[in-house]
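Trainee: Can you make the complete structure from the sequences, with help from the hints?
Protein chains in written order, with the numbering used here: chain A, 1 to 729; chain B, 1001 to 1729.
Worth flagging that the hints you see were computed from the coordinates, not collected in a lab.
One should not assume that every hint holds.
Said to hold, decoys possible - Computed Cβ-Cβ distance ranges for the label pairs, DEER-style:
| id | chain 1 | residue 1 | chain 2 | residue 2 | range |
| --- | --- | --- | --- | --- | --- |
| 1 | B | Lys1654 | A | Ser352 | 28 to 36 Å |
| 2 | B | Thr1393 | A | Leu675 | 39 to 47 Å |
| 3 | A | Asp131 | B | His1136 | 43 to 51 Å |
| 4 | A | Glu264 | B | Gly1544 | 21 to 29 Å |
| 5 | A | Pro286 | B | Gln1311 | 47 to 55 Å |
The beta carbon of each residue, even a glycine, is placed where N, CA and C say it ideally should be.
2 protein chains.
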Amino acid sequence: MFASAQRLIFNRALKSGPHPLPSSADFVSLNENTSISLLRRSPACPFTTTSAIQRFEVPVRTRNTGTVANMATDYKTIKGQEFDRAAFESLLRRKCFLWQSFEPYGAVKGLFDYGPPLETLEAEVMNIWRDHFIRHEKMMALKCSMLTPYEVLKTSGHVDKFADYMCKDPKTGEILRSDHLIKDVLETRLKGDKEARGEKVEATEEDPKKKKKASKLAKTAVKLDDTVVKEYEHTLATLDDCTGDDMGAIIKKYDIRNPSTNNEVEPPVSVNLMFQTQIGATGKEPAFLRPETAQGQFLSFPKLLEFSDNQLPMASASIGYSFRNELSPRSGLLRVREFLMAEVEHFVDPESGKKHPKFATVRDVKLPFLDRNTQMAGGSKVTIMSIGEAVDTKLVDNETLGYFLVRIHSFMEKIGMDMTKLRFRQHMANEMAHYAADCWDCELQSSYGWVECVGCADRSAYDLSVHEKRTGVSLKVREPLKEPVRIEEWQATLDKKKSGPKLKKDQAKVEAALKELTQEMKEKLSISMEKEGSVKIAVADVAGGEVTLDKEIVTFAKETRTETMREYTPNVIEPSFGVGRVLYSLMEHAYWTREGDAARSVMSFKPTIAPIKVLVVPLQKDVRFAPVLAELEQKLDEAQLSFKVDQSGVSIGKRYSRNDELGIPFGITVDYETLEGKGVTLRDRDSTKQVRASLDEVVAEVAKVCAGKGSWEGIAKKLPAFESKEAEE
Amino acid sequence: MFASAQRLIFNRALKSGPHPLPSSADFVSLNENTSISLLRRSPACPFTTTSAIQRFEVPVRTRNTGTVANMATDYKTIKGQEFDRAAFESLLRRKCFLWQSFEPYGAVKGLFDYGPPLETLEAEVMNIWRDHFIRHEKMMALKCSMLTPYEVLKTSGHVDKFADYMCKDPKTGEILRSDHLIKDVLETRLKGDKEARGEKVEATEEDPKKKKKASKLAKTAVKLDDTVVKEYEHTLATLDDCTGDDMGAIIKKYDIRNPSTNNEVEPPVSVNLMFQTQIGATGKEPAFLRPETAQGQFLSFPKLLEFSDNQLPMASASIGYSFRNELSPRSGLLRVREFLMAEVEHFVDPESGKKHPKFATVRDVKLPFLDRNTQMAGGSKVTIMSIGEAVDTKLVDNETLGYFLVRIHSFMEKIGMDMTKLRFRQHMANEMAHYAADCWDCELQSSYGWVECVGCADRSAYDLSVHEKRTGVSLKVREPLKEPVRIEEWQATLDKKKSGPKLKKDQAKVEAALKELTQEMKEKLSISMEKEGSVKIAVADVAGGEVTLDKEIVTFAKETRTETMREYTPNVIEPSFGVGRVLYSLMEHAYWTREGDAARSVMSFKPTIAPIKVLVVPLQKDVRFAPVLAELEQKLDEAQLSFKVDQSGVSIGKRYSRNDELGIPFGITVDYETLEGKGVTLRDRDSTKQVRASLDEVVAEVAKVCAGKGSWEGIAKKLPAFESKEAEE
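Mentor: Structure (structure tokens):
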């Protein structure tokens, strides 16, 4: 069972200072079976899945996976090369893709600025997202507020449950996540025990309760008592279900201390992960920065329903920022405090079988599935299956969920993800929120392992129901029934004139209690009344907790009425994208180095998303090139193509090479033959092949490919090849 | 002088409940001379201009503008009709353009959700912004964090000065802006006085110090003593320069009370307008939500300089959210607590004369200027002048500022703003920050009057300098001098061996003090030293505040060195867009009603920015239309055109009409002639004229116009006209 699966966490910390990403040296251990996923906040927490997309942890499928291999050796570039994270990060820094925010002030953990290449990459990717989802699927785009009143998030459950338990080291002020602390220490001790047993080293048996320097001792090979080993293993297996008090007891029982100081820690306290603030100056409007974009969409439900003429299914979509006050963010872009999400809320009639009108058009698309059963058996083998078969066999719960998996898949393909590094992982039963029917994560493989980048969950009617209950505002759909329905029901009717003098101020309470009675109960009571002339019913908040009612006051009768309208709370299927994680994976997937020269790295962004489309390089500094350069620049501008002119003194090869790191897909060279009216050369970044053609032809072809209507292969077939006279690279 | 100009403020309050915008009935008074602009936070406040784009106040140019006309009567639609704000707002609500956030929880003032039409409109407008500024001008796109550490905003001045003074009504807890309170009460009293004098009503003279019910009395015509009138007028004229204590004294002196309760108020306290929160759980990282995007850009300066190969001028651009904790937000979308900004920071060498390389290309563009002198004379007449002339005559300070005004102007034209409702207003001397050379606002006219939507200011070297000073991180440009420069300078050199025993722990302080001496001072001291053998210099933090140094210890000498590098802090020119205000103005400009039928309103969005491009209407419900509808939908999808199908049972005319309110520019009707292979009709929203052509032709033409490459006029010339058989409208 996944519930009892052990979780390894990253024992890493971001280096301080101007270090935008963790270096590979910080990396500890990942198994190829592992997924980087999210943490269940508590067993009953309603937002365990995509809404918690920032959670970042490694569930190990079984306790017996043996030695844990460093993923870095398994993870390859698209060209099959070893992936060198340090070199990759150096490129990101050098080319200003991103950096830690506020560097002159010492930088802040978990906050990143995007520099020009990454900001533009994000804009291009999100334009495609918008076209792929919002326009193509006719979703209703929404922009809701980030500042969110306390009451909204109280109702949704975030105030109470969107929290981690923390222990404070009272001497240093350091804050440690309680579950991480317990795992770290117990796993270290178990490892020490294994070493001790494996090496058959004579080691003193020890009682952990009395141990003074637990962690330090545990680092060496220390044999544990067999019963202690069992206790530790049981604790680790059930840690997910522990309350704060449970963890406090464990920490005390096993004398768990801060491993870096060996200080005793304070008992666990629950620390909410939302950023709190207040609206206005009165102190009467406490608020949070939203932890997900979903709640605003749910509260806009009446507007959405109006906008779609009361027709379901309908979907809203929101591209916006959310915030999580991570207490010790690590893992670079994968776990940050402020992040862009793109969330869809697809509202369906729960009685429709969650069919999707366009499912037939995608039936035959094949997807890579890592299902629940495989994971339970400790495996990670992906099954390739058509979505039609997956839904038919109930592997995927319903058509709507299935349709979205296909759309997520084709989106990833469209933006140039390495599709061999994508899988859909089904949530284990205990990973899901209690109400969810099924949930699948789109995971992308990177040097960090398999990372959840999109969640696709069924939130059922949960959110709409709790907000309706709290506010009294209807968040239901009302629709005429095709056929009016005759309903026979037991009714309990209070004769208020007669009951008033007797019940007095309790009358309303009694009436409410009668309303709450089930059909079965009412039928039973009608029989008692018949027999005994009076009945007793339980009424909360009255003296004695029950009231005796005689047949003068209340009558039970079966009545018939005709219903013409149906009222229901829709179910919600929610594909939820963590945009930063998608972008990070995309950058890793795009990165490779030229054969035989690891220093010459390339970012193979697709022309449609590349931040800069064209590199313009005059052969050398020569005023005679100025007019043709001006003409070229004007034509590129008219075609709305972004470009960069590199007029620096270095060789053309060098200029191409250093701009390959920015992922510029095309290079146009102006040379002396250009001045003789022989056109310009066009170079393809990935193959370094070139063609030669007139300025107009070249610009037109590039514009087509950058608009997604063509490819280099097409250009190479159409325009004459050109062999560079000087060896380019 | 503007400094002494009186300001009228909106005496309006947003109605509570589901009322997205203030209705026209709430509107009090605006003069056509007035501008809705920003408030100077304090005389020395460094962010008076565009960074305070949310400020929203009405400076009246002179005290003598006479009767104040209701702007609503002056403001017309593009068709010259009276603008009916209530009808316009009703359309925005009905068509789900926007609403107050969290309505089921009672809504929160100053927070709005954008529904599908407005969200998409914003996306389209921002895509054009991105293309017009970032791509075309080769700006470096940046995304910086919203969460901003305390220290950053302390340095920038926001912690101390980004505040309003507030008075609390201790009985109700109501919070009133102190300056608003004083103005409201004194102006009401002055008005009462005028009435009393104008109507020659006998009224008891009153001493405001003793008055018990000031505001209630003032509402009637009460004559004031002549000296009191003068005092009130002086107070109002100088209110902008008052400190909190000054205002406290005024409130006491004139017995100013909360007008709605007549309660005395507590003395003014400064309330910062930033949303405060904290990063992490330790309490050691206080932070704010940024009040502007600029600071992140300044702190990224070293990266930007690296990315642009150390070449200036360069510009960064950031599209992102900022936050202001407005204490009593009013005026709908024009003053909100969370808002999108698009800010450019253009860095120039201050010694370059702020020339712009592309200025020659825009020299002849004519712009509408409302200059400082005209405003000082109480006028509002706009001068149309070419930007070339404006810069030549120093009306506009420099080429770079001028170039941006032209680009702002052409952007507004591109997105379809009514260009007769646009002007550039120059800031008065006292409106600008102390360091600014010149500042112009792009103001758009709406039913609220002239509203600042873009500011274009010169922030000089202020921000980079203060951050450098605080952090010690260089935010300067270093560039090689074309010619090395020989510099002759007086140097003061301490002989540390000899000075050490004498100065002891003060040595470093003395050394620093010597370094700080001006050239002039050093020369003077060298003469004194020559004469007297010792000098006295002031040294802070040493006993006595000065130190006597003899010639054994320090020598003053003129030395010569050669400089090969130049170091300087760039100046910053900052065009700053308040996106919400631009969108609101755009919606008002696009709104009009059909001749003779005020109930049939139209939103004339340009096809390039319209949220939905095509309305598809089958003549009536008929299964025979299904195949051609499917074909049409596929073709529209392939052309990436957003569309809406209206299959409801009402007449075609009604269907067109109700979708005109969404601003859908084109309508395609499928009728029985379509089934006979006679194509479809294409209808133009604005003229309601139609053409008929094949499905492919129609889709191709629409796609061209929506991409900005053509117009309805072009289509009407090319394709055959079609007269509707049934009178459409």
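Trainee: Check each numbered hint from earlier against the structure, then list the numbers of those it violates in ascending order.
Mentor: Hints 3, 4 are the ones this structure does not satisfy, whereas the remaining hints hold.
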